[in-house]
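Numbering that gives the first Met the number 0 puts the sequence shown at residues 0 to 120.
Read the hints as simulated data drawn from the structure, not as lab findings.
Remember, it's a predicted structure, so these values are computed and weren't measured experimentally.
Honestly, I wouldn't trust all of these hints.
[What the hints assert, rightly or not] Here are the simulated distance ranges between beta carbons:
no.	residue 1	residue 2	range
1	V92	P117	40 to 48 Å
2	P118	V92	54 to 62 Å
3	M43	L82	41 to 49 Å
C-beta: ideal position from N, C-alpha, C; glycine also.
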Amino acid sequence: MMRDAVLSLRRLVLLAVLSLALVATGFSHRMPGTDDAALAAYAMAGGDLADLCGDLDGDGLPDHGDCPACQIAGSADLPPNALTLRNADLALVAKVFAPRESRALRMVLDPARGLRAPPLA
């Protein structure tokens with residue numbers, strides 16, 4: 000009984016630590032140092048540091064998809080709200096066709112035995 004409680008507590012602690020690590024991943028990436036020559040050249044060419052990991056179109060979401068830390072942190076988000084439901088229109092899209100009557104002469108399954116009905120006129 001005590002062994003099961005300790006095992007359950009270990010699993011719960013491991014789950015809490017892994018959850019905390021996943022949440023903290025979003026805060027782990029940092030901007031590069033300002034002494035970087037490429038970053039200084041980007042800023043001198045008219046670029047803004049907020050464009051590197053920021054929101055360009057004002058929708059509240061970052062506009063890049065290649066940052067691994069942002070992708071991991073974004074996967075923990077809740078799904079977007081469901082849109083309002085609207086009534087579905089009832090439409091019949093299936094067509095029903097009756098099979099045509101075939102009067103063509105069929106081959107005999109066993110050529111050694113003939114058909115039992117008279118031939119068609």
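Each hint tested on the structure:
For V92 paired with P117, a C-beta distance near 45 Å keeps the hint of 40 to 48 Å intact. The given range of 54 to 62 Å is broken by P118 and V92, whose C-beta atoms sit roughly 44 Å from each other. For the pair M43 and L82, the beta carbons lie near 45 Å from each other, so the given range of 41 to 49 Å is met.
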